[in-house]
Amino acid sequence: MGMFRLLLCLTLLAGSAAAQSPTYGVGRTPTEEEIRAWDISISPTGEELPPGRGTSEEGELIYRRQCAACHGVNGVGGSAPILVKREMEPDHPWDYGRILPIRAPFATVVWDYINRGMPLNREGTLTADEVYALTAYLLFMNDVIPQDIVLDAESLPKIEMPNRDAFARVPDWQPGMQRLPGYPY
Amino acid sequence: MGSKRPNRRGFLKGSAAVAGGLALGTAEPALGQLPNPEGFIKGTDDAVAYGERSRFVTSVRIAHPPDYRPSPDAFGLVFHVATPLQDSVGMITPSSLHFVGTTRGSFVPDIDPREHRLMLHGLVDRPLVFTMEDLKRLPSVTRPHFIECAGNRHRPQHKTVQESHGMTSCAEWTGVLLSTLLKEAGVKDAGKWIVAEGVEEVKGASSIPIEKAMDDCLVAYGMNGEAVRPQNGFPLRLLVPGFEGIFNSKYLRRIKVVDRYYMTYNDFGHLTRDPDVAALGYQIGPKSVITFPSAGQQLTDRGFYEISGLAWSGGGAIGRVEVSTDGGRRWMDAEIQGTAHRMAHTRFRFQWNWDGNETELLSRCTDEQGQVQPTRAQVAQFFNVPADPSFSVPGMDNSIQPWRIASDGSVHNGYV
Chain L
1 MGMFRLLLCL TLLAGSAAAQ SPTYGVGRTP TEEEIRAWDI SISPTGEELP PGRGTSEEGE
61 LIYRRQCAAC HGVNGVGGSA PILVKREMEP DHPWDYGRIL PIRAPFATVV WDYINRGMPL
121 NREGTLTADE VYALTAYLLF MNDVIPQDIV LDAESLPKIE MPNRDAFARV PDWQPGMQRL
181 PGYPY
Chain H
1 MGSKRPNRRG FLKGSAAVAG GLALGTAEPA LGQLPNPEGF IKGTDDAVAY GERSRFVTSV
61 RIAHPPDYRP SPDAFGLVFH VATPLQDSVG MITPSSLHFV GTTRGSFVPD IDPREHRLML
121 HGLVDRPLVF TMEDLKRLPS VTRPHFIECA GNRHRPQHKT VQESHGMTSC AEWTGVLLST
181 LLKEAGVKDA GKWIVAEGVE EVKGASSIPI EKAMDDCLVA YGMNGEAVRP QNGFPLRLLV
241 PGFEGIFNSK YLRRIKVVDR YYMTYNDFGH LTRDPDVAAL GYQIGPKSVI TFPSAGQQLT
301 DRGFYEISGL AWSGGGAIGR VEVSTDGGRR WMDAEIQGTA HRMAHTRFRF QWNWDGNETE
361 LLSRCTDEQG QVQPTRAQVA QFFNVPADPS FSVPGMDNSI QPWRIASDGS VHNGYV
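Protein chains in written order, with our numbering: chain L, 1 to 185; chain H, 1 to 416.
Simulated from the structure, these hints should not be mistaken for lab results.
The C-beta atom is built at its ideal place from N, Cα and C for all residues, glycine as well.
One-sided excerpt, in silico: chain H residues whose CB lies under 7 Å from chain L:
| no. | residue |
| --- | --- |
| 1 | 119 |
| 2 | 121 |
| 3 | 128 |
| 4 | 129 |
| 5 | 184 |
| 6 | 268 |
| 7 | 274 |
| 8 | 279 |
| 9 | 374 |
Okay, chain L solo, but in the shape it has when bound (with noise of 0.2 Å):
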């Protein structure tokens, strides 16, 4: 007992001694609930996401109140982005284009995306279950997922996206790194 106590001290100096102690005392702690209330980032796991569920059909719905206005009915033929794809057989997913529910290599792009920047100018105003929806309905429109899915924090990081493997990871950068190194100019 008293040599498990002398290595928990150990573990625990040597654990405080290999982190940084702050130089200025500078600035104040935040509270748990604010970070939680500024936070609205979404890993592509999508551990951030929070409590709540919507299905496509529920998302219909919200869409034509809150999005048809600019994106077309049909999420095709309105003045903002399209949010569907096209009729084709594209050799790739990738050659849809740029439509971010089947462009996005991860469904919590999409999420995050409707959360933190639509409807414009009422941006924040979708509660968390709305999101879901929408974010069911737009992969629905788009035949990523089937149209019975309930999405959820543990459904939606699961979905495979069309195109999850076609974009190329930036390189590891360092200081002093050339753009791309072997080009020749």
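Chain H: place on chain L using the hints.
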């Protein structure tokens, strides 16, 4: 004052004595007192309090792309404005003329700096919130840096250097190094990226490697000796020197340290399938352009002209600029003005006698890493495609811009 030269006071006294002795009827102005045909303008309270330029100086920003719809449009879609580089002198862009890229038309967030906060959280030992006053207590740096929009690509239809290259600008930025803030919070070993978010619509938030964040990123509250302008991110913005414009989040309010590339909407917007194109669209390459003489300008007569232009690179300081006055057959070193700063516009000059014949002027630069600005044809060759008019330089377009001088002295876009 040397004793051999009469001083000015003595000279004027002598003149007055002569004039006083001779003039009886005519009221000739005293020597050095030429009549001013323009007279004087009475200053307004505003102009006295915060200066304004001469009414004879009319250089302004224009919409980018040049044929774009006027602002504000109904949906707040992209409305950018480009810097009048053809009128620029030196290396600093005045704040009023700094290019603006936005997704929000002409609308800008109206932020009270007393209420503004910057939160730093995620994979850190101590999450922190800073007020603007807090940030101004911390050690600061002042550095000139350019910002260039990924859409800054020249086309045959562009009629001025403002249309072809005006989406780059260079200001002197003052603020706290992001590394200072990150060290204060203590980045955990798992923290490999940051996402930096602003207050406006899509809230910025590109994924930025932690190596870059710890290297030279700047959390800036100052721009050209005063507070950052609202169009440029007041009260606080991020500078990511040398990375394409969209990384430089304006209205900065939150930085999250994360463990992976977060694939935010900004990241999504730059997705490509080709890793070479992805790399060329990330850190900006060496790029230069002659601003005088440039398309739309007019040489009045044959004879001496100082060719002048700007060079910059995301890879560091500009090491060399060359100019060709014969369409690229011979290249000669241009003079670099003063010290070339890292990731900053660098002014270059070249003395030239125009013989009155049609010719083409070009510039190319080399940065401190030895990266050289390519021609369009060289880039096409690298990608193994023909350099026909449909070819668009992948990633950030840093290719050489030719200006054609016609025999009547008019200057035209040589990229046709």
